[in-house]
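K.L.:
Sequence:
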Amino acid sequence: MIPPITSRFVAGTTVPGTLDHVSDCNESGMGGIVNLLGEHYHDREPADADADEYCRLVSELGARDLNGSVSVKPSQIGIDVGPEVFTENFERIVDVAAEENVFVWCDMEDHTTTDTTLDAVESTAQNHPHGVGVAIQANLKRTGDDLRRLADVPAAVRLVKGAYDEPSSVAYERKEDVNEAYIEHLEFLFQEFDQGIAVGSHDLTMLETAINLHKEHDTPFEIQMLMGVREDAQRDLAAEGYEVNQYIPYGDKWMQYFYRRIRERKENALFALRAIVGV
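In the numbering used here, the protein residues as written are 1 to 279.
Please note that the accuracy of each hint is not assured.
[Stated by the list, open to error] Computed list of lysine to aspartate or glutamate pairs in DMTMM-like fashion (alpha-carbon distance at most 20 angstroms, straight line):
| id | residue 1 | residue 2 |
| --- | --- | --- |
| 1 | K253 | E45 |
| 2 | K253 | D115 |
| 3 | K253 | E240 |
| 4 | K161 | D115 |
In short, the hints are calculated from the structure, not lab data.
Taking the hints into account, I'd like the entire structure generated from these sequences.
P.N.:
Structure follows, in structure tokens:
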């Protein structure tokens, strides 16, 4: 069982409970992006098992007619086993999702997996146009080229700042440089991209920039934010008429994810402390 303190960031360990949370998001005017926790499998058996779980998950999303999608980590479905295992499992998930009219996002992990991830998303998008999307990290110096490559691919892009500890040879290290790159890439997306834009950020400056670019270019976009982080802002933005989708993790591998959330933001740590001491 997930401790109450962790339930702010993780929807539960079961599919039914998680889909109930998606339903709650829908009632608040938001969509849900469901992620089964798990990553960095080096054997095929657990990678295939999680791919099977995603296939069941998209079937349940479709059966309940929820405003929901899924997001998959490459290392969860086999990229560390071999590129062909990841690609096969990703295509299998997308095939089932297409039957249920459920969108599939592919998360992006460290820079060593970028090319394989983009190759799989691009090939899958040709078979299922506008049925898939991929996260792109603004802190990587290669991202401008990757976005230009994706401009003609029928796949959506989720722009994030990037959370992996990458070497300075491939990534910006200073916060100011990452923010500058994020804004530059947002400008490109809103000017040139018509396949679907997701602004994956809790940085209110970045969200305001995206809203202003939307007003200038009239380019459709959505906002994606994590469960348990600035949820008041999520609901406020949805109430203002913006498309907001909450990223919703679930599963029994919750401990590592929870402590990563606590380390990332001071307010998350303060929330945890208050919950522990009962104030």
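K.L.:
Regarding the pair K253 and E45, is the alpha-carbon distance no greater than 20 angstroms?
P.N.:
holds (17 angstroms)
K.L.:
Against the 20 angstroms threshold, does the CA-CA distance of K253 and E240 hold or violate the hint?
P.N.:
violated (35 angstroms)
K.L.:
Hinted pair, alpha-carbon criterion (20 angstroms max): K253, D115. Please report holds or violated.
P.N.:
Violated: K253 and D115 sit about 27 angstroms apart, past 20 angstroms.
K.L.:
Keeping to a limit of 20 angstroms between CA atoms, is the pair of K161 and D115 held or broken?
P.N.:
Within the cut-off at roughly 18 angstroms; holds.
Going through the hint list in order, the structure does not satisfy hints 2, 3.
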